[in-house]
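So the protein sequences, as listed, match chains A and B. With the first letter of the first sequence counted as 1, position 27 gets the number 19 in this note's numbering; the numbers rise by one all the way through. With the first letter of the second sequence counted as 1, position 168 gets the number 160 in this note's numbering; the numbers rise by one all the way through.
Keep in mind that a hint or two might mislead.
[As the list claims (entries may be wrong)] Among chain A residues calculated to face chain B with C-beta under 10 Å, some are:
1. D4
2. P8
3. P31
4. R43
5. S44
6. V68
7. D72
8. T96
9. L102
10. F109
11. L114
12. D126
13. K146
If you are wondering where the hints come from, they were derived from the structure by calculation, not from laboratory data. Glycine included, every Cβ here is placed at the ideal spot set by N, Cα and C.
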Amino acid sequence: MENAKTITIVFDDEQPLLQAVKKIRESGANIIDVFTPFPVHGLDPALSMKRSRIPLVGFIGGAIGGLLGFGFQTWVFTVDYPLVFGGKPLLSVPSFIPVTFECTILFAALSMAGAFFIKSRLKPDKKFEPVDPDITDDKFLILVDGETSAEKIKTVLSGINTIEIK
Amino acid sequence: MIQSPLRAPLIKGKKTYQSITSDILDPMMSKPGSLWYIGIFISGSALLFGAFMIFWTIWHGIGTWGLNRTVGWGWGITNFVWWIGIGHAGTFISAILLLFRQKWRTSINRSAEAMTIFAVMCAMLFPIIHMGRPLLGFYIFPYPNTRGMWVNFNSPLVWDVFAISTYFTVSLVFWYVGMIPDIGTVRDKIKAGWKKTVYKVLSFGWKGSARHWHRHEVLSLMLAALAAPLVLSVHSIVSMDFATSVIPGWHTTIFPPYFVSGAIFSGFAMVLTLMIITRKALNLQDYITVGHVESMNKIIIATGSIVGLAYITEMFMSWYSGVEYEHYMLINRATGPYWWAYWIMMTCNLISPQLLWIKKLRTNIVFTFCLSIVINIGMWFERFVIVVTSLHRDYLTSSWAMYKPTIVEVGLFLGTLGFFFTAFFIFIRVFPVIAIAEVKSVVKSSGEKETKKD
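Whole structure, please, built from the sequences with the hints as guidance.
Structure follows, in structure tokens:
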């Protein structure tokens, strides 16, 4: 990922990172990505990130799960093998609710988790190399497009506490 | 300017991001102490004993248990309900407390969720071997078969299968997804070698990108929102195994809320037992503080009082219903041959948690530890009382019987305890016990002023 055409700016805390993100964006430079050891509050709006649509995936998954669960029970008891239990109606909706509910939750949860891994392109990777091994410890990092010169970035970020610009 | 009173910091000591990482990872990366070996030896022995008893049950059949025609559900179902209940605290901490923005949960959620998963695994064992022919256990799933039949979706026992397998799957996904960033931390800290490769695979190539964090947060929140009603549904459905029957003492509408609060009550007791040992053994007193113990104790008072109220409501209803069988059930529980079990339950669950109203006691670690074990025992007896005392004397006097467990049932229970603790001992060596990234995100907002002062 790291090649000659990018500039890496390293910070040791979230505040200077947030200020730097704003200044870099104001200067017109293009931020490729930001790496942090934990979710930084306020970073998403600063990068004008669109809200993830994972909840929508969950809703669709849950709806499919619920319909499948309910539909399957209905089909089993009214079409495929109608059998009277305890004199109750064949289509006894209340007693289908628990299984329907569990199917809804299961499908919603699995579809959202799947969407997360697919959209983020995260997969088990034996050869994975981190951008910087300290990102998961205590370093915050901005990766800027190489179109802007390092000098310009340095002047933009003067007064902000950076560890390293390279 | 109006200032809110300063809250006590969630994490003690002057912590930097780096020291949080090393505090949590060091006990994991260094060689385990002798206590760990002693612990895993004891729990491993219990596990092996239990494994032998599983073999014994399957080989000779369910007749090796102390069950009879009258008492068909003994220790097996008691243990099942008890273990499921213990699991509930983990989901409560990680899901419901997340939705309520209780930030103190960050220190304990990881291990509490691990506890959930191990407890549910222990619980699932019992119905499976209770079937007598566990190799045909897959019959309970609705799959197309040559008999042309389906399972009975009107039966709470089938609901149980769906509820518990969903609960296990969702808890596992929630736990693992939450752990991925921290596995990334382990991967970047550990020395090169086969372990690093394993963590590389397990971390799913986590790189801490802002976009990934955003999705990760949304996903955690959404999974929490799903897990919260799920956890309430699971024990409600377990309680319906009893409540939909006609046995006096089981046939009550109060069961679902009563079981859920009992589950959270016993689960928090188990979390406290484990956490008090863990903080001591892994030197995490700065992360799991007396404040955490006190907060959990407050939840124990709340849920314990709900459970107590449910006991009293049960007494009232058995009299108010005017049903003589219900009436006799209560008198038989309190004064019949199993009176001791009833009074152990009452003392441990109704009276002992009320001591936590005293601040001195609920901030005392040793007292809390002892009390948590008392509550665990009490809650086990609650399930025993519900299962056995209701069954052993129902309507027909001629079929009244007594029940005594055999060594096989005792061994199975010891075996699940052994599995639970062995799994936990392995877990604290393999994965970070505290959610590192989550603790880092609260250390500033909660304790900056305090930590700078001292």
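Here is how each hint holds up against the structure:
no.: 1; hint: D4; in the structure: 8 Å, holds
no.: 2; hint: P8; in the structure: 13 Å, violated
no.: 3; hint: P31; in the structure: 4 Å, holds
no.: 4; hint: R43; in the structure: 8 Å, holds
no.: 5; hint: S44; in the structure: 4 Å, holds
no.: 6; hint: V68; in the structure: 5 Å, holds
no.: 7; hint: D72; in the structure: 7 Å, holds
no.: 8; hint: T96; in the structure: 9 Å, holds
no.: 9; hint: L102; in the structure: 7 Å, holds
no.: 10; hint: F109; in the structure: 7 Å, holds
no.: 11; hint: L114; in the structure: 4 Å, holds
no.: 12; hint: D126; in the structure: 7 Å, holds
no.: 13; hint: K146; in the structure: 22 Å, violated
Comparing the model with each numbered hint stated earlier shows that hints 2 and 13 do not hold.
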